[in-house]
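2 protein chains.
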Amino acid sequence: MNSFLDYQNQQNMSLFTDLYELTMCASYFDNNKFEPATFDLFIRRLPENRSYLMFAGLEQVLQYLKSVRFTEEHLSYLKKQGFNSQFLDYLRGFKFTGEVWAVPEGTVAFPCEPLIRVTAPIIEAQLVETFLLNTVNLQTMIATKASRVIHAAQGKAVIEFGLRREHGIDAGMKVARCSYIAGCHGTSNVLAGLVYGIPVFGTMAHSFIMSYEREIDAFRAFAKTFPDKSTLLIDTYDDIAGAEKAAVVAKELEKKGLRLSGVRLDSGDLAATSKKVRKLLDEKGLEYVSIFASGDLDEFKIAELLRRGARIDAFGVGTKMGTSADKPYVDVIYKLCETITANGTSAPIMKLSEGKATLPGRKQVYRFKDADGFYERDVIALADEKVEGAEPLLRKVMENGKLTYSLPSLEEIRTTAAANLAKLPEKYKQLTAAPEYPVEISPNLSALIRKLRRKLTQNEIRQR
Amino acid sequence: MNSFLDYQNQQNMSLFTDLYELTMCASYFDNNKFEPATFDLFIRRLPENRSYLMFAGLEQVLQYLKSVRFTEEHLSYLKKQGFNSQFLDYLRGFKFTGEVWAVPEGTVAFPCEPLIRVTAPIIEAQLVETFLLNTVNLQTMIATKASRVIHAAQGKAVIEFGLRREHGIDAGMKVARCSYIAGCHGTSNVLAGLVYGIPVFGTMAHSFIMSYEREIDAFRAFAKTFPDKSTLLIDTYDDIAGAEKAAVVAKELEKKGLRLSGVRLDSGDLAATSKKVRKLLDEKGLEYVSIFASGDLDEFKIAELLRRGARIDAFGVGTKMGTSADKPYVDVIYKLCETITANGTSAPIMKLSEGKATLPGRKQVYRFKDADGFYERDVIALADEKVEGAEPLLRKVMENGKLTYSLPSLEEIRTTAAANLAKLPEKYKQLTAAPEYPVEISPNLSALIRKLRRKLTQNEIRQR
Chain A
7 MNSFLDYQNQ QNMSLFTDLY ELTMCASYFD NNKFEPATFD LFIRRLPENR SYLMFAGLEQ
67 VLQYLKSVRF TEEHLSYLKK QGFNSQFLDY LRGFKFTGEV WAVPEGTVAF PCEPLIRVTA
127 PIIEAQLVET FLLNTVNLQT MIATKASRVI HAAQGKAVIE FGLRREHGID AGMKVARCSY
187 IAGCHGTSNV LAGLVYGIPV FGTMAHSFIM SYEREIDAFR AFAKTFPDKS TLLIDTYDDI
247 AGAEKAAVVA KELEKKGLRL SGVRLDSGDL AATSKKVRKL LDEKGLEYVS IFASGDLDEF
307 KIAELLRRGA RIDAFGVGTK MGTSADKPYV DVIYKLCETI TANGTSAPIM KLSEGKATLP
367 GRKQVYRFKD ADGFYERDVI ALADEKVEGA EPLLRKVMEN GKLTYSLPSL EEIRTTAAAN
427 LAKLPEKYKQ LTAAPEYPVE ISPNLSALIR KLRRKLTQNE IRQR
Chain B
7 MNSFLDYQNQ QNMSLFTDLY ELTMCASYFD NNKFEPATFD LFIRRLPENR SYLMFAGLEQ
67 VLQYLKSVRF TEEHLSYLKK QGFNSQFLDY LRGFKFTGEV WAVPEGTVAF PCEPLIRVTA
127 PIIEAQLVET FLLNTVNLQT MIATKASRVI HAAQGKAVIE FGLRREHGID AGMKVARCSY
187 IAGCHGTSNV LAGLVYGIPV FGTMAHSFIM SYEREIDAFR AFAKTFPDKS TLLIDTYDDI
247 AGAEKAAVVA KELEKKGLRL SGVRLDSGDL AATSKKVRKL LDEKGLEYVS IFASGDLDEF
307 KIAELLRRGA RIDAFGVGTK MGTSADKPYV DVIYKLCETI TANGTSAPIM KLSEGKATLP
367 GRKQVYRFKD ADGFYERDVI ALADEKVEGA EPLLRKVMEN GKLTYSLPSL EEIRTTAAAN
427 LAKLPEKYKQ LTAAPEYPVE ISPNLSALIR KLRRKLTQNE IRQR
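If you're matching them up, the sequences are chains A and B in order. Under the working numbering, residues 7 to 470 are what the first sequence spells out, in order. Under the working numbering, residues 7 to 470 are what the second sequence spells out, in order.
Read the hints as simulated data drawn from the structure, not as lab findings. A hint or two may mislead.
When chains are identical, the list treats them as one kind, so a pair holds in a single copy or across two.
[Stated by the list, open to error] Under the rule of at most 20 angstroms between Cα atoms (straight-line distance), these lysine to any residue pairs were calculated in the SDA-like manner: (1) K72 x S415; (2) K461 x R220; (3) K333 x D302; (4) K402 x C118; (5) K461 x A247; (6) K392 x V255; (7) K85 x K230; (8) K457 x R220.
Just chain A, with the same shape it has in the complex (with noise of 0.2 angstroms):
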């Protein structure tokens, strides 16, 4: 059992997930509580510099929950772990039945509003908690970073690169996903591009370089493999001295009706260099090759090098992008926000804990837009409650635990997002410092709110 990736198959899914959804499953069970309840996702806050989230994450939590169930190997495995048979009875026949409401994946999105609404007998509705928050944790996470380092590079390529880097197996595929729906050209990463059918590129190592005695042998030896696609790595020794050798080689290769596509940089000042290199390769009539760069970039460092004019066509992106490193997670969290109880009523809840209050109630996000298009503020509002000329921003997307939404493809939610990025005004896309962008809660919401924290308070606090 404890081999590589063994565990890796979907069935086995439903064991990836915090003991105490399982804990407190066998104690509804145990309880007899089989009510529907409903739980919201939600983001609580930003990361720091972040203005807005681009969701993503959703097809993945679908499929979980058309698919969860569990074998026989888990169940005696939870038995072992004290879990009566009756319970592993119930588990044994274990299926999500629920209603889901979701928004679309690609689309922008703010702090506190409902990104996926579960409905489903508490039981079901608890157990699927870790799996949504894990996924759209790093899918979210990923898809917002990946749009702020697009935005930077103002029109110019960018490839994502860090599979090296990004967390394991399935992060390094969920990267490539979502940098290319928030606007990524294409990734490195070879099985995301059979997998996704996202472009894949590459170039060389410096390893490539200093296998072969001289600098300029591995150059010839590239583009004889690659006369029509070569981007040649020149920095191993010495950029300019690189650069000057790969002007060799493309002339060389124009003599045979050929040309080189292009030389990468990928440490020292990149601005400086490449003005350099291009002006270098400009003088020898190469005004075709384009420059790459790559090396420790994300949106901040992207954004200076274009304003000090750096002469680089394409980015190359990678670990602080797959990782998020200046923040490797968002705030996502799971939380009940209405149950039935027995005689059929709707129970609103919401949690009060310092900094961490809930919204009660099944919502609904509603979107207003100007007349052209462009998002002025958004309203959290009850799911029954009327809101006049406004976009509601959740779907329903699954219906007794069967997909009731045509799931889009990887391009479409690709044109989504970037529809989304176009109608969301620029000053929220500042790297820095972006107004908030306006949330509001609706009156009946803010009307609920006050009168469940008056109960609350009475109940749970006062009566000590």
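Let chain A serve as the given structure and place chain B on it in line with the hints.
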């Protein structure tokens, strides 16, 4: 192909790579470069505040090297990417046939020390780079981070609680594995319990409390299901009011001859609250009820809590450990250090790039210890160099592509880690501003570096 986890089977891992590994290999193939080469996997510098590394991930690296293969699906994808049929035929028969040396998992290591040394025909050695880096980055980063948390907790239990914010499925599994190696008592991740045999822990969430009309009803329901092992979450509404209700339930259990295990705090000022809760429980004769704390913890917060005299018996540590939030990557690299020329002689290789220089030649790391076994200093030497009175850290783990090393169990790795940490002098375990552990370059390696630097400067830079 777009569905959830389809790609996550072992065979597919051959394409879990940066495209440039394949383009370089295609060019090596095209240029008849099949001679052996040696690569070092090492970490260039320590992340902020870290003063050592705890190496982890070797088991997964070796499983990968043993099994990496290309399927027809892979080859047909690569064909569409423009790779020629001769190279694809080569990949069809691809197996890793090389020799690997590595330090055991759980070893304390330092920057620039080779952690894994791969010698193989250059195509094989190059092709495996991305997977090795991805695996070692995640696991070494987490083992290192978790060892700091364990140190800060001064012997109190630490449970890994970060599954919901770890970066996807593989990270969720590997974080549980590596934090257990580093000394955590267990994890909340049930699948990690099943797959790795790690003890699993869990209590309840706020949603459980809130699903009941009254907090005390929720406590009673849970205690009914787990009469001998309930830990009650007491801060949903008000922690002191919650503690009082937990005490009521504890007294009810006492009447049945049972004991409440503990209470859990998840918000607020944990030091102050834990003292109040301890006092409240003790005054009711509930000295045996333990206090478990969670909520945004890391090594710094735990150290601070204990400094302030917090009455906490065990810590649940989540996001900040599970994402290594203050530094979510290590600077792990995989660098060519030697090729064998066509006539069979060794050609040591080094890189000169600014701030990115590497150490040439096939190397070994020697550790000097004092009379009590405490680590004094390390020396990086050439593999064939004699270093007396020190322990060599790298062991041969694979030869001709076959394992020559008995993979230790997870418990054995955990013991190695504990033994290593025990012998690392206390000053290097300070959470901040620890002194630099001495890592020296041997005389022969120093001489080789000087020689190569002269040669490279002359050949590759001055000639322009």
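Hints and how they fare:
1. K72 x S415: within (18 angstroms within a copy, 36 angstroms between copies)
2. K461 x R220: So K461 and R220 pass the 20 angstroms test across copies only (11 angstroms; inside, 78 angstroms).
3. K333 x D302: both (16 angstroms within a copy, 14 angstroms between copies)
4. K402 x C118: within (19 angstroms within a copy, 53 angstroms between copies)
5. K461 x A247: Classified as between: cross-chain Cα gap 15 angstroms, same-chain 75 angstroms, threshold 20 angstroms.
6. K392 x V255: Answer is neither: 68 angstroms inside a copy and 44 angstroms across each miss the 20 angstroms cutoff.
7. K85 x K230: between (62 angstroms within a copy, 18 angstroms between copies)
8. K457 x R220: between (77 angstroms within a copy, 16 angstroms between copies)
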